[in-house]
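Based on the hints, put chain B in the right spot on chain A.
Listed below are the residues making up each chain.
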Amino acid sequence: MRKIGIKEIEDIALGASLLGAGGGGDPYIGKLMAMGAVKECGPIDLIEPEEVPDDALVVPIAMMGAPTVLNEKGAGGSEYRALYDMTSDFFDKPIYAFMPMEAGGVNSMLPIAAAARMGLPMVDCDGMGRAFPEIQMVTFTIGGVQATPMALADEKGNSVIFRTITNKWAEDLSRAVTMRCGGNVAIAPYPMDGAVMKKYGVKGIVTRSETLGRAIRTAKDSKDTDPETAFLKASKGMKIFKGKISDVLRETRGAFNYGHVLLDGISDYRGQKAEVTFQNENLIVKVNDKILATAPDLICLVDTETFIPVPTDSVKYGKRVMVVGLPCFDMWRTEEGLKLVGPRYFGIDTDYIPVEERVKGSVQ
Amino acid sequence: MYKLGIDVGGTNTDAVLINENKEVVADIKHPTTPDVYDGINEAIRTVCDTAKIDRADITQAMLGTTQGTNAIVERRNLAKVGLVRIGAPATLAIPPAVDWPEDIQGVVEDYVIIRGGYEYDGKEIAELDTDAAKDFFTRVKGKVNSIAISCVFSTVRDDEELAIAKLCREVMGDDIPISISSEIGSMGLIERENATILNAALCHVAKRFTEGFVRSLANEGITNARVYISQNDGTLMTMEYAQKYPIRTVACGPTNSIRGASYLTKLQNAIVVDVGGTTTDLGVIEKGFPRESGVAVTIGGVRTNFRMPDIISIGLGGGSIVREHDDGSVTVGPDSVGYQITSKALVFGGDTMTATDIAVRLGMADIGDASKVAFIDEDLANKALATIKTMVEESIDAMKVSSDDVEVILVGGGNIILPKKLIGASTVYVPEHAGCANAIGAAIAKVSGYYEKFIDYNETPRDQALAHAKEEATQQAIEAGAIADTVEIIDVEDVPLAYYPGNTCRVRVKAAGNLA
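Top to bottom, those sequences are chains A and B. The first sequence begins at 1 in the working numbering and counts up by one. The second sequence begins at 1 in the working numbering and counts up by one.
With the rest of the complex left out, here is chain B:
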């Protein structure tokens, strides 16, 4: 019984195998290829060969991939979306996608804003205009590939979004993908609608990466495995879920690193520093899961309020170029030799001084040919190391919530460039298999359920409301594939709303459990 975890990144495709005792049996890195499936196939083959296991014993296969993000950023393979917004006469002043970059605005092929929607307390703004929706679906049938539905305060009540989705099925048939805003984003109509449109636009890409992964597995003789896709909160989706909610794969890479780091060190609270070839991502692990970003997140120039891990990226990695300036100062990065490190770095016989060369010169790492960096002045090397140290220390500090020291976990292939003592860190951990923390994060992930609503505590007492919220989140996790008695509540938040009547709070609960 093995779990196979794959993480497709910009530079490398990582693969790991984990046995039933949750131990890492093998981990490998393979360069990401133009057709990502070549790299995935190779990675699967290599990791299975390394571990020398029977492929029929692999029962779960997890994929973390950047294909969804890349499709949005590069505006490739995006589907034509028809949008129905429910809420007129409110919201008419703001047309959909009004502030999107011009080269992606065209994703919204056609839209309509129909009467309906809710007030903050669930009262109807206007009677739902189903005729207008029906006309729209008839008009766009055959012209769009995917439908997005948004509704004012659908996070309070989703009835009208569901009714319009049903109507869409009746008019446009069973095959048209439908994305519903209450299932995608949180409060803030426009940002939620934006995330819903992007989700709808990813329907082709999602079909391709889920089916492609299954095909890759089959090609390598892995046919007994249940297949899962990583989402960006550190939990997994089934194939069917991933095809419905592809937007949830955005930024799953850093999340998987954070989760993997936590798993390898058994730490539940820490700052994770993931050093790659060109950049270093810092994230925070809280109770075993990544801390979510509190601000609006922009994906490919489109503002969304979709949950995302709180990550900062700095231009520092194993391939970062080291320069000495006339005034004696030494800088590191932000430019990097990137994937060409094995030919350009000094230790590999190249001509460019990189952060990795500094680490080798100072005896922190044993990579390539150390004699090729012996000529580097020790003073210069120490200055470069001090620069690297300060860059990371300042970023760690920016991620902290107080001045107290925190535990820090270093992962990623480039972690050798960092000293093992850092200001602000109580202890610095570099776990075994740190280089493939992201694929490990994918392999060990749980499945989750989520609940968010406005609740007036004067109408529903707090304990009753929270109990109901926990039940709903748990139920969702079970529906997503979790074993019922392993489901735990991992996050509860209730925030009072400013300027609201009564005692209204935004209640959010997240649950997660182990896979069957």
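The following block holds chain A by itself, in its conformation from the complex:
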């Protein structure tokens, strides 16, 4: 167990924008909620998954709805009490700890706010190890855990608990309620016991996020090596390409932000070309038409000077970026995992090969 305060929150938020792999939304407003809660209620306890008893109730906390609304309304702070009460009443036992559902973007921050305000610990574990666009894309799905019973609460004091026959129904019903509540709510999906969390969760992900954030923040201060090497070493990232964005081709497909980023190589990659395809998150990167990484491995674009992650909604012509690959959580590499989040699920007709094997011989 260790404490998470303001300084840690800054790093976790920065790391979360990298683990968003291009998506996940800007963690900024979530960071303010976490900071507000910690300033008011004190630092939270971050506990190891092993510290949670097998039969204890653990609940992920996330937001649902439009990021634009979240940026106006923030949260009230009392939602977490409502989520706690409903979930706890349903199972007729206390909640032992909160945890994040995803490590990328704004949802990395909300469980910190919830834990601080409820005086509960947060488990160093999530269900994605990154950001994904759909509610069933969590490792708990592999373990047969359902999204419901799922509690939902708005800032006005309204709350609902859903029991649905499928996760799809949970998504549809909760979205309808979210709209009537003003476009943004707090949810507590996938309530589970400690044993399931330990078996299927992505352990140590909050710490990983913090390490990544620190790697970005301190890369410039390295005395032994140049900032780029320092960043890659500290983040354990694989440098896939370095280039200038020469074009961004966007399409709207349903509610998704879909498109391709074309890159012209710079410095060591001069004369080479790369292409990154994204659907909210980056899905695949090809260098000189050769695939070097696909989902569910993380494909991250970072600024070549500051290493600040560049999300898919702000890629634009002329920006200089480094493409970095990070291996995904092992469970995503199993047959069941790839069925949920493998390249073919996202419409890319290729077999999944781990990024560290694809880049062998291709990466400096």
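For the record, the hints were derived by calculation from the structure and aren't laboratory data. All of these numbers come straight from a predicted model, not from anything done at the bench. Fair warning: there could be bad hints in the mix.
[Stated by the list, open to error] Facing chain B, according to a computed beta carbon distance under 8 Å, are these residues of chain A, among others:
| # | residue |
| --- | --- |
| 1 | K39 |
| 2 | N71 |
| 3 | G183 |
| 4 | G318 |
| 5 | R344 |
[To be verified] Here are some of the chain A residues that sit facing chain B, going by a computed Cβ distance under 10 Å:
| # | residue |
| --- | --- |
| 6 | Y28 |
| 7 | E72 |
| 8 | A113 |
| 9 | Y317 |
We treat Cβ as the ideally placed atom computed from N, Cα and C, and that holds for glycine.
Below, chain B alone, put in the same frame as chain A:
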């Protein structure tokens, strides 16, 4: 009939006079002084003497100044602000100024979050709690100098912000400055609130720089002129507006350069490269106005969503220091001899090799004593020039929206260090009076009006909504002093919102017109 344009920068205070045919009659540079008004007085005197005109013929005087920005960055002369946020029970989880640097957090002397505010569709979140607001105003009366009011989705409906402002007047009197978030920032409560607090904190500074400018003009015998202040979108505000919205002066310097460059070349679309003594600012001119930045802008460590020009700055200027390294490579900057160039550069008899010396050595400029740089190896000079060229070319490329070549305008006192052929540029222009483009930008500026709201096109058809938006923006420009039949719509944008019900778009319209 003359217009007088003044631009107060970090190094120089520039002044220009422009006649009724919009021709530059005189332009001068004067070093900026510790008390900026000494420099302004001097600059006004010199430019009037140079032009030999009757000061009574100056009918408009425009000031572009960094004093607002500096006050925030240096945390000087900031007023104590009382903040009312309308929106509880929403937003309670985020206290005001929670992520501000500690040395500026104290600007918010006291705050209250009261019930009220709106949903995205204009429905009330809760009934407005006027009693709580009244209690707050009574409590802070005499303890704060300025009031900031923010409200959830006030960009959709501003009724409650206006009601609370009225209440503030009743309790705290007519003299207390009030800043209202819907008039300052755009979507995103916290960033909008931050900009509103900063605006409120600048009330003393604003009073000082507007009244100081008028006094400087009067001292120099200019008493017939109407006075305007530059804002950062390239248009002007009256004195009264500038005192209400001082935050809008932030970053007006680069904006004025861009507008001035456009004016001098008659180009409506181009990339402007403004080379100073220490840094080079690059901006984009689109349809005659600076392109706005799409990302959150941080001012003095405070994140805001206030409209700002899209500018990149690189450490390259006329005074940038040139160094040859052991491996034969040559670097330029980012350090500079700055304002000491007239004593430190080789051409002026100094001992430091600067970018200006390279330009003189290669025959690109005739400044100082060319014989003092004749000893510089031509190969080294060419390497330095290549470095300078690459730095600027890469930045130009970063500002472009496609790989097509664009027209490039070089302005600023340091522009002589750049070659007149650049990769990525179809043509490179260096207009006459390029050195004072910023003061010219201030002098020729228009006045503007602005409209932004969420509109559901299923409720209000698009053409109807846009027509209304254009009307509102035009009306605002006229209220700000524009001649009605010169007002043009300069920007229309409607963006569909992700994850929103119905067919909701964010509609933004900007209008601008000539001054009366």
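Outcome of the hint check:
1. K39: Check passed: Cβ of K39(A) comes within 7 Å of chain B, closer than 8 Å.
2. N71: holds, 4 Å
3. G183: holds, 5 Å
4. G318: holds, 4 Å
5. R344: violated, 26 Å
6. Y28: Since the shortest Cβ distance to chain B is 8 Å, the answer is holds.
7. E72: holds, 5 Å
8. A113: holds, 6 Å
9. Y317: Status holds, d = 5 Å.
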